[in-house]
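Asks: Let the sequences and hints guide you as you build the complete structure.
Line order of the protein sequences matches chains A and B.
1 is the number of the first residue of the first sequence in UniProt numbering; add one for each residue after it.
1 is the number of the first residue of the second sequence in UniProt numbering; add one for each residue after it.
To be clear, the hints were calculated from the coordinates, so they are not data collected in a lab.
We put the beta carbon where it would ideally sit given N, CA and C, even for glycine.
You may find that some hints are simply not true.
To be verified - Incomplete in silico selection of chain B near chain A, CB under 7 Å:
{"no.": "1", "residue": "CYS13"}
{"no.": "2", "residue": "CYS16"}
{"no.": "3", "residue": "SER25"}
Protein chains: 2
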Amino acid sequence: MSTTTYQVTGMTCGHCVSSVTSEVSEIAGVTDVRVDLASGQVTVTSSGDPVDPAQVRAAVEEAGYQLAS
Amino acid sequence: MSTTTYQVTGMTCGHCVSSVTSEVSEIAGVTDVRVDLASGQVTVTSSGDPVDPAQVRAAVEEAGYQLAS
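Replies: Structure representation (structure tokens):
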């Protein structure tokens with residue numbers, strides 16, 4: 001199991017959290033996504049190796065937000 | 001036709017705009033709802049008399065936001 005935390009910018013409300021959670025949850029291998037709206041931290045847990053950060057970035061952008069770095 | 005503008009607080013993103021638009025649009029007689037996110041102004045157009053402000057307040061609260069006054 002792997003857990004990686006990303007910093008996401010632009011989330012302003014619970015709808016934003018739902019959108020990011022939904023998109024990141026669709027990545028193959030992801031078993032849990034936790035979003036903290038106040039800090040912008042998105043913690044992604046996967047069953048095996050960490051998921052490709054490029055996939056996380058793409059999912060966050062699909063939801064309409066950006067990774068901070 | 002009647003048009004009334006309300007001030008709504010708490011909307012922070014496009015999802016919020018969608019929620020308010022959807023709820024207010026369900027009020028009987030309402031023919032158009034325009035939301036300006038930056039100002040928080042929600043302009044409600046109805047086919048006949050103005051809709052009861054209490055109904056607008058209830059719809060805004062149902063969406064999870066508040067009328068400013």
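Asks: A separate judgement is required for each hint: does it hold in the structure or not?
Replies: Evaluated hints:
no., hint, result
1, CYS13, "holds, 5 Å"
2, CYS16, "holds, 6 Å"
3, SER25, "violated, 17 Å"
The structure fails to meet hint 3 from the earlier list, while all remaining hints are met.
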